[in-house]
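Asks: Just so you know, the sequences run in chain order A and B. Quick note: the first sequence uses the working numbering, first residue 1, plus one each step. Quick note: the second sequence uses the working numbering, first residue 1, plus one each step.
Worth flagging that the hints you see were computed from the coordinates, not collected in a lab. Treat each hint with caution, since some may be false.
Treat identical chains as interchangeable: a pair holds within one or across any two.
Below are the BS3-like pairs computed for lysine-lysine, each with C-alpha atoms no more than 30 Å apart in a straight line [said to hold, decoys possible]:
{"#": "1", "residue 1": "Lys122", "residue 2": "Lys228"}
{"#": "2", "residue 1": "Lys252", "residue 2": "Lys349"}
{"#": "3", "residue 1": "Lys131", "residue 2": "Lys2"}
{"#": "4", "residue 1": "Lys320", "residue 2": "Lys131"}
{"#": "5", "residue 1": "Lys61", "residue 2": "Lys181"}
{"#": "6", "residue 1": "Lys320", "residue 2": "Lys299"}
{"#": "7", "residue 1": "Lys181", "residue 2": "Lys3"}
{"#": "8", "residue 1": "Lys228", "residue 2": "Lys320"}
{"#": "9", "residue 1": "Lys162", "residue 2": "Lys2"}
{"#": "10", "residue 1": "Lys131", "residue 2": "Lys299"}
{"#": "11", "residue 1": "Lys252", "residue 2": "Lys114"}
{"#": "12", "residue 1": "Lys252", "residue 2": "Lys162"}
{"#": "13", "residue 1": "Lys320", "residue 2": "Lys181"}
Here's the letter readout for the chains.
Number of protein chains: 2
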Amino acid sequence: MKKHNFSAGPSILPRQVFEQAAAGVLDLSGSGLSILEISHRSNAFEEILDSTKQLVRSLLKLSDSYHVLFLSGGASSQFFMVPMNLLNPPETACYIDSGAWSLKAIKEAGHFGKISVLASSKDRQYAYIPKKYTVPDMATYLHITSNNTISGTQYHQWPESKPVLVADMSSDIFSRPLDIKPFGLIYAGAQKNMGPAGTTLVIIRDDLLGRVSREIPTMLNYQTHVSKNSMFNTPPVFPIYVTMLNLQWLHKQGGLEAAGRRNQEKARIIYDEVDRNSMFLGLADAEDRSLMNATFVLKDSALESDFLEACSAAGCEGVKGHRSIGGIRASIYNAMGKESVSVLADVMKEFEQKFG
Amino acid sequence: MKKHNFSAGPSILPRQVFEQAAAGVLDLSGSGLSILEISHRSNAFEEILDSTKQLVRSLLKLSDSYHVLFLSGGASSQFFMVPMNLLNPPETACYIDSGAWSLKAIKEAGHFGKISVLASSKDRQYAYIPKKYTVPDMATYLHITSNNTISGTQYHQWPESKPVLVADMSSDIFSRPLDIKPFGLIYAGAQKNMGPAGTTLVIIRDDLLGRVSREIPTMLNYQTHVSKNSMFNTPPVFPIYVTMLNLQWLHKQGGLEAAGRRNQEKARIIYDEVDRNSMFLGLADAEDRSLMNATFVLKDSALESDFLEACSAAGCEGVKGHRSIGGIRASIYNAMGKESVSVLADVMKEFEQKFG
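One chain only, chain A, in its complex shape:
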């Protein structure tokens, strides 16, 4: 039976990427060597790294004033690296609290300077994106989490802000067109639309480098990785290789405009069914619904395990909501086909016929 992987991350990647990656593990482009055993200083890997960087630049239409880095440690490491590298006391950094990941970023930033949380949607279990606030002109940056995997919300319009935007885009980068101009720094763990777990993309505008006076360990300083082209130490070779394969696939599929259209269509299939079906209730406000993670609950929560069983019987995996809030979550990243989303919508229809 075909499996439909609705996991929130690590998550589905295109079948052809798995096939190419497996081939590279056995023999990288006819070299007689595995991608897992080549030196990171080899020409073969330098070409992979350069290609991956160029794909990021081309897909996001980055100007020369932005640097593209492949680090490790996940977005969780960026939670502290951002303020460590950008925030000079007594400056203030502003944060918007749109969920658990925002809160973690806020917590880590507190070690490095004054943090002002301008708005939060905690009052309604993060079911919406906060919108009513004013960003002080003097703030060093405004930090947002562009997509919230747990509650299923997403920014569909960037905040008005004179200070530069810093965004955790772990769960929606490369899922729609992006105008880079308001952003000074974007970071993203790879394991949703970018690649497998194990590398973290950081895009940083040149003027934000070297702006603090504190001592920073070499590995935690963005300048180190800019000056060494992400090769200060051995980078995560295989996760970068698979990222390249995946971004090549994305490029061939028409880039971010086409991806954005496909993701809109897929989200419509699932949200239309949530709204139509008498058994389910969407969790996020309609205008802030995520195109990546559709969250909903059964009106009768006693039926949840039956629904999860029905999903499983149809090959739909990973639809259980995040352990902190429960319910149902269907993550429908770039690589998920419309037909898989329709399978889940059909399960919901059949569930209504049986239990409604």
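Chain B: place on chain A using the hints.
Replies: Coordinates of chain B only, in the frame set by chain A:
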């Protein structure tokens, strides 16, 4: 033509590990899902993580007082995490300088307290392991680099030290039996004898946790990863998976005692040829020679490029010395067969016949 990969790291792994890893990329144990797309919270990955941990424990015969962590960021991140987590001002940490990697560890430690470099082999281009020094009883720890990939030296006896040993074992962990008792903390980037690039093993003794008063970002605190079993955030799933496959292979080959014997034999083949052959000169003192990285030069350096060509023609890849010192370096990690080492020794013999 068969390739013999003498690369210093990332480096050779067993062929069957590549085959199993490629199979897992296509379909993990018949699950219908790729290892690259499964959730790190899935049972499948929890089993992989637990197995990998158990293999580390069993191969190294670790008692319950040691924790086993799989982090990311390479040994380069441990250079600062070690003193950040262990060194409480005004305490002193002692370091032995046996090469470039030691120096990097010393440099990063300087951010966090008083560092005393007890001995260095810089006076003779790091061609030996420093031995004449006394470790002050009051030091918090003594840091060593157990194997030095650039100069080709290795500790064959641990220093006498009342303070606990901390070791960077990136390039020789799992290559020989280890008595864990003198060690408080061991760290190792995976990309030599452990697995592919992308994860870092940290073994830490329980009593060294939580010993400093400074504020530590959550991701940089060993306690975080101990309490969350290396799952505070998404771990590098695939590098850990391949580490498991590789350690399973090592276990089946007879564990560390057998690996140590094989590595002795392989090193003897190459060093015997270096010493016998009139064209070459070993770089490291005989008693400190590394069993992992054999370094030597051509007595007539003008012939170096001819020798590199001869190696290449025989399928021997990655034998060029580290860019900082040049010469020849043959890295002969666990997965390299005796027959590959013999191929290189034969190239050296033939080179002598042709150019000697």
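Asks: Does each hint hold? Answer for all of them.
Replies: Do the hints match the structure? See the list:
| no. | hint | in the structure |
| --- | --- | --- |
| 1 | Lys122 <-> Lys228 | between (41 Å within a copy, 25 Å between copies) |
| 2 | Lys252 <-> Lys349 | neither (34 Å within a copy, 51 Å between copies) |
| 3 | Lys131 <-> Lys2 | neither (41 Å within a copy, 62 Å between copies) |
| 4 | Lys320 <-> Lys131 | within (29 Å within a copy, 58 Å between copies) |
| 5 | Lys61 <-> Lys181 | within (10 Å within a copy, 55 Å between copies) |
| 6 | Lys320 <-> Lys299 | within (15 Å within a copy, 66 Å between copies) |
| 7 | Lys181 <-> Lys3 | neither (39 Å within a copy, 48 Å between copies) |
| 8 | Lys228 <-> Lys320 | between (42 Å within a copy, 21 Å between copies) |
| 9 | Lys162 <-> Lys2 | neither (49 Å within a copy, 60 Å between copies) |
| 10 | Lys131 <-> Lys299 | within (28 Å within a copy, 72 Å between copies) |
| 11 | Lys252 <-> Lys114 | neither (44 Å within a copy, 55 Å between copies) |
| 12 | Lys252 <-> Lys162 | neither (36 Å within a copy, 61 Å between copies) |
| 13 | Lys320 <-> Lys181 | neither (37 Å within a copy, 45 Å between copies) |
Violated hints for the displayed structure, listed by number in ascending order: 2, 3, 7, 9, 11, 12, 13.
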